[in-house]
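*Asks:* In the order they appear, the protein sequences are chains B and R.
Just so you know, this note's numbering puts 1385 at position 303 of the first sequence, and the rest follows in order with no gaps.
Just so you know, this note's numbering puts 1344 at position 262 of the second sequence, and the rest follows in order with no gaps.
Source of the hints: derived by calculation from the structure; they are not laboratory data.
Be aware that one or more of the hints could be misleading.
Because identical chains share one entry, a pair is satisfied inside a single copy or across any pair of copies.
Here are the computed lysine-lysine pairs in the BS3-like style, where the Cα-Cα straight-line distance is at most 27 Å [what the hints assert, rightly or not]:
id: 1; residue 1: Lys1220; residue 2: Lys1292
id: 2; residue 1: Lys1162; residue 2: Lys1136
id: 3; residue 1: Lys1146; residue 2: Lys1409
id: 4; residue 1: Lys1136; residue 2: Lys1084
id: 5; residue 1: Lys1225; residue 2: Lys1410
There are 2 protein chains.
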Amino acid sequence: MKLIILFGGASFEHEISIVSAITVKEKLQNSFELEFVFCDQDHTFYLVPAEKMKSKTFSSGEHKKFQKLQLSHGCFSFTKMFSKGEVFGTILNLIHGADGEDGTIASILDFYGFSFIGPRVDASVFSYDKRYTKMLAKEKGVKYIQYEVLHNKEQKDIELSLPVIIKPVRLGSSIGVSIVKEMDELDYALDVAYEFDSSVIVEPFIEGVKEYNLAGYIANRELHLSIVEEPQKQEFLDFEKKYMDFSRSSHVNQADISDELIAKLQNAFKMIYTDMFEGALIRCDFFVIDDEVYLNEINPIPGSMANYLFDDFAKAIEDLANSLPQKKRAQVKYEYIDSISKAKGK
Amino acid sequence: MKLIILFGGASFEHEISIVSAITVKEKLQNSFELEFVFCDQDHTFYLVPAEKMKSKTFSSGEHKKFQKLQLSHGCFSFTKMFSKGEVFGTILNLIHGADGEDGTIASILDFYGFSFIGPRVDASVFSYDKRYTKMLAKEKGVKYIQYEVLHNKEQKDIELSLPVIIKPVRLGSSIGVSIVKEMDELDYALDVAYEFDSSVIVEPFIEGVKEYNLAGYIANRELHLSIVEEPQKQEFLDFEKKYMDFSRSSHVNQADISDELIAKLQNAFKMIYTDMFEGALIRCDFFVIDDEVYLNEINPIPGSMANYLFDDFAKAIEDLANSLPQKKRAQVKYEYIDSISKAKGK
C-alpha cells in the first residue's frame, strides 16, 4: 500500500513535524511503500527521497534541491524539462500545529480530492483552539478544567487564584506555556504567551495531578483504542523535552490503574471522537481528579502518531487508511437557472 | 482598486452563487476594477470575461472555453503557449454553501497568501454547521431557539412538540428544509433533509414569529452596521424564492421597530461578530419573541453580500478590503534541530 507522509508546514511545530516524520518512517517502512512530501515554511512542496529523511536535510536547506511539487486533483504533480510526473497515494498528514492541525491542510486535501489520514476541518478547528476544545467538551458532557481567556489588547486581572498555568490559545507542544506561582511572575508569563498568540488561556495549575493519555481511531465503524499511558511525571514538558518526545518509538506499558478508571477514560475518549474525528488517529490527554476524568487536550495529529501506544502500529494505520471518509461533492445540474431562463423566455 | 469576485463551487448553492456574483458585479463595477474567477463543480478555476457574466454562460458550459487558472502564491496564474499570466487582487469570496462557507476556500486563500473578504476558517466552521452556531451563541451569551439533532443512522423520535421545522445541519438557502405540522409528515420531511446531510436539526416552528436581519463588518477596528430589515413575510422562503432573493439590489427601508429593539439586535450582532468574523461582511438573522432577541442563523457570505442593506455598498466593500486580517506565518529557524545536532556532535 502506498502512503505519502506529508510533513513540515509554516508552524512553530515545523521542526517537531520533521522529527515525527522520521520516527514514523522507521515504524512504517517495512509495511508500506512510503513517499515523503515536505511542505516548507513558504508553502512550497518538495518530494524528499527516503534516504534523505534526516533533520539535517531540512535545517541545511538541502531540500531545496529536490523536486518541487504542485497540488493537482488527487495527486501531487511535477513537470520536468520534457516529462511530467505524479505522486499518488493516501496521505498521512503529519504537519503539527499551524497548517496541519488548524484546518488548512484538511481543507486543501479535501478540495483536491485526496484520501487522507488526519482531522477534517471541523475536528481541526475544535482541537486547535483551546477555547473551542472546552466548548466541545461541554457539549459532549465531558468534564474540563475551569478557565479564563485574556486578550493582549485588553488589560484585565486574572480571577483564578495562583498557581495557574498560562497557554497561548492556539499552540501545542508546550510552546509559550508557563506556570505562574507568584503574582510577580504573571506579566512575564503573559508576555511569553502573547509572543505566540493574541489570546491566552489561564487554568488552575494542579500540583501533582494525575495525567493519562489515550489514543484511538475509528476504522470499519469500530472504535480502536490504544493502551492508557501515564506519561512521565514532571511539572510539565517544556518544548525541548517534548521535542525529544516526538521521536518516541518504544512501546510503553498500560498505566497501573483500575479497570473502572480505564473504562471512564475510554468513555470520555469515545464521546469526544464520535461524529467529529473520523479519518484521524488522535490522542486525548486527560487529568484525573478525585476519580473523575477531565479532558486536558486533544491532539488530532499526535507526536509520531502515538505509535508507542499501539501493539501493532502499522496495522492500525493500514486499517485506518482503508476506512477513510470522503467529502461528498454536490452535483450541479443548473436546474434553477434553466427553469428561470425558460420562464423569462430566454 | 482591483477586486476578484470568486464564485461557483461544488455546492448545492452553486447556482445562487452565480446569481450573487452577477448582482454584485452590477453594484461594484463603477467603483472597482473587477475580475471574475469561477470555480466549477470539479474545482477547476476559470477567468470569466466581464461581458460573459450571465447565468447562461455557466449552465451552457460555455465557461469551459475560458482561460483555466492555477492557484499560485498570492495570485491565480495561467500558462499559454508562449506566455504566462497572473491575476492579482483582493478576493471577494462569493461561493455560498460548501467550499465557500465551510472553511475550504478560506483555508486555501490563507495558505496561498491571498488577501480576501470572507469568513476565516473558524468563522466558517461555526456558521456553516447549525449545531456549532448554537454552541457559539451559547458561549457568547446570545439567546437561541431550543433544538434537537437527529442522525440518519439512528432511529429516534423527536421530543419537541409540533409544529417543528426540520433542516439539514449544514446547508443554507432553505435547501432541504420542511415545516412539519402533522406527525404523518415527519418521515417525508426527514427523508428530504437526509438527502442533503447525514444529520438534521429540529426546532419548534413558531407561527408568525418576528424576523429581523442585520448585516455588518469591522473595518479599521470599528464595527459598521447596516440598517435592520424585516424580511418579506411568508412562512419561510423556499429555494426558488430565495434564489430570486439572491439577485436583490434595491435598497430597503429600516424596519419600523423601537430604538431599544434595534439596540438589542445590534448588540447581539456585535457579540457574535467580535473576535471571530473579522475580514467578513456577514448577515445575522434574528427572531424576536417577547421583546427578546434570538439568533436564527449567521450568513458569513450573505446573498449578493446584502448590498441592499447598506447606504453605500461600494464604500463598505472598499473599507473592508483595506482592513483585512492576514494569517501570520511562523518563522522557522531550525534552532532545535541545530542545537540537538550539535549536542550529538553531528
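*Asks:* Now tell me, hint by hint, if it's right for this structure.
*Replies:* Each hint tested on the structure:
1. In this homomeric assembly, Lys1220 and Lys1292 come within 27 Å of each other (Cα to Cα) only inside a single copy, at 21 Å, whereas the closest approach across copies is 31 Å.
2. For the identical chains of this complex, Lys1162 and Lys1136 are intra-copy neighbours only, at 25 Å inside a copy versus 39 Å across copies, given an alpha-carbon limit of 27 Å.
3. Taking the shortest alpha-carbon separations for Lys1146 and Lys1409, only the inter-copy value of 24 Å comes in at or below 27 Å, while the best intra-copy value is 33 Å.
4. Proximity of Lys1136 and Lys1084 under a CA criterion of 27 Å is satisfied intra-copy only: 21 Å inside one chain copy versus 45 Å between copies.
5. Neither within a single protomer nor between protomers do Lys1225 and Lys1410 lie at most 27 Å apart by alpha-carbon distance, with minima of 33 Å and 33 Å respectively.
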